[in-house]
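Asks: Please work from the sequences and hints to get the whole structure.
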Amino acid sequence: MENHLLSIVTFLPVLGALAIILVPKEKLDIIRWGAAAITGIQLIFAIWILSVFDFASGDVQLVEHFAWIPAFNIEYFLGIDGLSAPMVLLTALLSFLAVFSSWNIDKAHKGYFALFLLLDAGMMGVFTSLDFFLFYIFWEVMLLPMYFLIGIWGGPQREYAAIKFFLYTLFGSVLLLLGMLALYFLSEPHTFNMLILAEQSAQFGQAILLGMNAGKVIFILLFVGFAIKVPIFPFHTWLPLAHVEAPTAISVILAGVLLKMGTYGFLRISWPVLKEATLWFALPLAILGLINIIYGAMAALAQRDLKKMVAYSSVSHMGFVLLGMAALTPAGMNGAVFQMFNHGTISAMLFMLVGVVYDRAHHRDIEGFGGLAKVVPVYAGVTALAFFAGLGLPGFSGFISEALTLIGAFPVFTWITIFATVGIVLNAGYFLWAYQRVFMGELNSKYEKLEDINGRELFALIPLAIITFFLGVYPTPMLNLMSTTLNQLVEVVKSAGMAAGL
Amino acid sequence: MDHLSSYLVLSAILFSLGLYTVVTRKNGVAILMGVELILNAANINFVAFSKFVTHTLDGHLISVFIIMLAAAEAAVALAIVLNLYNNRGHINVDEANALKQ
Amino acid sequence: MADFIFWVIWILIVVSAGLVAFGKNLIHSVFALMGTFLGVAGIYIFLNADFLAVTQIVVYVGGILVLLVFGIMLTNQISTAKISQSSVQRGLGLLVVLALLAILLTALLSHDWVGTTQPLAFEETARGIGRLLFTDYLILFEIASVLLLGALIGAATLARKEL
Amino acid sequence: MINLALLILFLPLLSFALQIFFGRRFEDKKGEWVSVGIQFTTLIMSLAMFVMMISRNDPNFSLEMQKSWLDLGVFKIDLGVYIDNVTIIMLNVVALISSLVHLYSTAYMAGDVRYSRYFGFLGIFTFSMNGIVLSNSLFMIYMFWELVGLSSYLLIGHWWEKKSAADAAKKAFITNRVGDIGMFMGMMIIATVLGTFNFQLIADRILDGTWASNAGMLFGGIDPHKLLTIAGVLVFMGAVGKSAQFPLHVWLPDAMEGPTPVSALIHAATMVAAGVYLTVRIFPFLTADAMATIAFIGGFTALYAATIAITQNDIKKVLAYSTVSQLGYMVMALGTGAYVAGFFHLVTHAMFKGALFLASGSVIHAMHHSLHKLDDHQTDPQDMRNMGGLKAKMPITFGVFMVTTAAISGIPLFSGFLSKDAILAGTWTYAANVHDGWLANLHMAWILPVFGFGAAAITAFYMFRLIFMTFYGEAKKPDIFKHIHESPKVMTVPLVILAILSTFIVFTLPSVNPISDHGWFTEVVQSPETAVTTGAAFDLEHFEHGMHEAHVPAMVTSLIVAGLGILLSVLVYLLNKISAENLATKLGALYRGSLNKWYMDEFYINGIIRPFLKGCDAVGRFDLEFYDHYLINGWGRNTKRTSRGVGFADDLIVDGAVNFSGIIFQWLGWTLKFIQTGKIQNYLIFVLIGAAVLFAVNVY
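Protein chains in written order, with the working numbering: chain X, 168 to 669; chain R, 64 to 164; chain P, 433 to 595; chain H, 9 to 708.
Hints listed in this document are in silico derivations from the structure and should not be mistaken for laboratory results. Some hints here could point you the wrong way.
As the list claims (entries may be wrong) - With the Cβ distance kept under 7 Å, some of the chain R side facing chain P (calculated, not the full set): (1) Ala-105; (2) Thr-117; (3) Ser-126.
Stated by the list, open to error - Straight-line alpha carbon distances no greater than 27 Å define the calculated BS3-like cross-link-like pairs of lysine-lysine that follow: (4) X:Lys-616 <-> H:Lys-171; (5) X:Lys-277 <-> X:Lys-192; (6) H:Lys-687 <-> P:Lys-456; (7) X:Lys-613 <-> H:Lys-594; (8) P:Lys-456 <-> R:Lys-89; (9) H:Lys-381 <-> H:Lys-490; (10) H:Lys-622 <-> H:Lys-171; (11) X:Lys-192 <-> X:Lys-274; (12) H:Lys-37 <-> X:Lys-541; (13) R:Lys-89 <-> H:Lys-381; (14) H:Lys-75 <-> X:Lys-541; (15) X:Lys-541 <-> H:Lys-170.
None of these values were measured; they are calculated from a predicted model. Quick reminder that beta carbons are idealized off the backbone N, C-alpha and C, glycines included.
Replies: See below:
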């Protein structure tokens, strides 16, 4: 069983989806608890994976490697290293908790949970696969359930949002596909195996494609594909809409896991495979990261819709990831991946909390509340905690990762980093301002009878809060998990750059 | 008699005659006879090749099975013909055209 | 001598089979078919297939032919011995079949069989067939038995009046 | 020792946890006394450390312990505790004020809506403050720095139902963050260049000198000395935010929205002093330019805030600006190199300003109760114009007020006199001796004593104005006056303790000379060696000597200016010889400027925040209504339009072709349908024809 842990953790939700399809649709409880049980088992497996994971090694572990379509040298190749292990854990965790945020969906429960589990499998597959082709398949597998989950169970503008999300991502996927095929045909022998592609990285730097340096062309192709998922500045407008229209649990997944796929893709493919191009594009990427940080924060300050504000805060927070990644220093890289994990937990909390108040008040207008702390003290307390975690207060994990990315980026991109620190103030600005308008001041008489947060919702939130707090006080376990791999990655990319004379 | 081709030509003629029977006869029983001719032609081929080419008994065994099959087929086919007769009073195959549309 | 007998049998088969195909009287056709079956049994002997020759006679002549006669008798009034039969699309059929025959003959005659093949006279085949039947062909044998059983039941069911 | 320090650090956190999770259940069952008890325990522990320090009497004593916290192989951050005499004194200040405030609050906050939570927040504040005090590295100090910001936010916003309180809390947090990012940038420079956050290591490595080659990595090969100046000023920016120095002082007066004991603890005695404490910690690696900047900002703040305090009518606002002004003093002292004086003032100020706030709290408490009895919710209990003549009704509070006002005004026999005098002597010496730093280069060093003495005069004036308006004269609202009582013992006892601690003798033992600061304090706290070897503002020995020489003239001058301030105050507010209104109208613009805090808030709101928010709005709108709407969706629309065009062409040509072939096949089908006869033999023939063709193709 130990040899197939990754397959199990990836395909378990597919089995679950099939099982749920077989349940009669009237048996609501079985469907919900079934989904919870499946994701719960998946989470246990994810923890099991971490328990057998060798922290000291930076190599790919728990490998499952078979020929799949030998004619094209496509392989079924799963494995995780310090980069994907945190993401596997995050995916399993958020999927499990998001089931509890899905309790209140009002129609077609069966389809919802089946699609949800399919989505879960797709996400897990993206993080575990090491064959580019397989990766791409999972990447696309995830897209379709997402479209339906937003388009059917979303808010009033759901169809528009879903189509927008779908087209945006599909556009990115096409470029991704092109980049993938270019890599395939430039590699010798033709392969999709990411590890082999990484070994051949030097030849991509020299090959010519479309009259230009192949490495750079492919980098840009992959960049657009991944940037849309992150989302990086000019490709971000699907995000506020999709988040606002998606049901709570899907927003949680979107922000918590999907956004990480973009940056994960960079670190898994672009960085090791196109090392020289990476160094070449590091500066533009850092600038884009800065734009993300400031632009996202400014847009968040302007929002009146609570969920939109949180969505833009994601744009801002992902900017830190980008900045740390582009810096290519150990601190920056570790900070970036740690920030990916932390943003996963923190934004998940934030979206769940927005969902809680939306379920009760049926709107999310920040100005439409006021003084809620009086009637819903527990909710106000948990929200305060999440907001402070979001604005990077020391003692919460977000602080460490943001600090690490900035410290790591500073020697490389001094001025950019200096401007990026302004983002820290802006983060505090919109979170506190929103908090004040929603929870403080005179109680809005409309909400005198507002119910406080219930046990189920707390059950989904508390684990996240504990993780955020624990990693904020004691980040070592998570950093140990990732640092060996990431330091190696930095080393490899840097030395390739040296060799190429960059 | 020591040439394979003499057997093969016999088999081909037998097969053609059987085929002709199957294609042209109206009577169900006659068609069945044509089928038997075809099967016999095939059998001759098998056994001849067994003697002249493979030098093993596999061809013989296939023939045994074909004969067995022919017997079974004849039994079932006759049952069908009888049934057809019971239903229609004749066994003219060209009038059994329920397949048309 | 053997050659002569071989060709006699050869011609017997072709003629009787031609009668089956072209004969007007169904009864004649059936009896001509018996000639064909016997002839084929003779050919088997020339091919050193003793077991098959016997089986041919037992099953075809003793079984199938009787079955056919029964079929004809049951579906026609037996008042007259002559049961005429008619044919359809004779011209087209003949054309196609002749064309096929021509193709077949050209195909097999264009090959030099004499130079490439070597006849082997089997001493006796029954033992070998039996051994093979219960070793290599065992599964086939079992399937055949099931098939026969199925055919038996099927035929019995179909032949019943009140279907 | 280390374990004791860790206990002092973490016990208040325990208090926080207990109050947050279980406090509500024990609100009516004296649950708050758990916190008070915990706080007094830490006080006893701190005192133990204090006694050990005194008996050791070693100015160079230090202890350090650190543990790896974050280890990426190449990059590490260690957290640890660093204890020296400054730490111990600071721990005592925090523990003392915090315990007294805890005690005081049991009465002051009785019956509050969020009583237990209030004590919980006090706990987390004390925890974070102790964290700052005990930190051995910049990184750790930064973490606790933000945490005190959090506790300050929570406590200022304690009465969040009031919009002004919620606003003030937010303002405090965000203003502090602005300072913090400066500090963070400074930390990044230090981490990049020196590779460590640890205070001792930073000093060691700067002395070592090898770091200079790393400096070239930043800002296109900047001069390392300049880089160090930048780093020092940037880290000091954290102090500007936290210690409410100009221009980030605006949050502190607003922070008075919090409960008064909180103001005493956080916004007078401890948290705002954290900035000064940080400057003390980074003192060894400040360059001459950085120190000049610090001194100038401190001096300017001292005078600037004092001018505002003159015209304020809210009793707490006066004290708040006075705090800003005094913090400016401390910062200026450190900037001029008067390390001991700066830290000394921090300690004495903590005592007398804590006492002043608690005493004003006592007054407000009394006013509040009186108003409550009258069922009057309109009158502001903090406005001095509603007070007057309280001396008779509140003798203990009045006494405390007198002692501490004397201390802050720099009257001999009280602690403030000693520390303020030392600072003024420091500025005097600085102006006389300095030979490097931009102030000296611009020949502007004399401006620091001007700031200092000016602020001293104004301080004396407004503090006595406060006393006279509050405690002397006629009761301005007799009906309110009727119901005024002295506060209960739990409130007055802390007051008296702090008043006693505001006398000179507490700090000068074993010597008993009221005009010399020589005593245990100067024994155990001594200026550290500077790590900046090149371009120091002056050499230390020379400076000490100068301080000694400047001591008497500075003292005399300060006494004179303070006397003048008091005299003016007596004339205006006690004897009414000079009409305050006339003075105000005569001074016109100056008066209005002071009353409106020199329009700093307006400047920030109208000059920075509003335009920025408008910018944000524009960005938000640009993003969804322009960029997304026109560009992204426009792309979609154009695609759709193109598709429609293509669709039309498709109908005409491609579809036409398709339809044509359709017609052909229809005809063919019509023809061929005759083949379907339903007769198997027919079909068989066709099969055979097909087979024959295939065979033929194969054979020929």
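Asks: Now look at each hint and say whether the structure bears it out.
Replies: Hint check results:
1. Ala-105: violated (11 Å)
2. Thr-117: violated (9 Å)
3. Ser-126: Holds, about 6 Å.
4. X:Lys-616 <-> H:Lys-171: Given that 27 Å is the threshold and the Cα spacing comes to 22 Å, the pair holds.
5. X:Lys-277 <-> X:Lys-192: Between Lys-277 (chain X) and Lys-192 (chain X) the Cα gap is close to 6 Å, so the pair holds against 27 Å.
6. H:Lys-687 <-> P:Lys-456: Holds. Lys-687 (chain H) to Lys-456 (chain P) sits at ~22 Å (cutoff 27 Å).
7. X:Lys-613 <-> H:Lys-594: violated (52 Å)
8. P:Lys-456 <-> R:Lys-89: Holds, at about 12 Å.
9. H:Lys-381 <-> H:Lys-490: Holds: Lys-381 (chain H) and Lys-490 (chain H) sit about 10 Å apart, inside 27 Å.
10. H:Lys-622 <-> H:Lys-171: holds (22 Å)
11. X:Lys-192 <-> X:Lys-274: Holds: Lys-192 (chain X) and Lys-274 (chain X) sit about 11 Å apart, inside 27 Å.
12. H:Lys-37 <-> X:Lys-541: Holds, because 23 Å separates the two Cα atoms, which is no more than 27 Å.
13. R:Lys-89 <-> H:Lys-381: With a Cα-Cα distance of about 122 Å, the restraint between Lys-89 (chain R) and Lys-381 (chain H) is violated, given a limit of 27 Å.
14. H:Lys-75 <-> X:Lys-541: Violated - the C-alpha atoms of Lys-541 (chain X) and Lys-75 (chain H) are around 42 Å apart, more than 27 Å.
15. X:Lys-541 <-> H:Lys-170: holds (12 Å)
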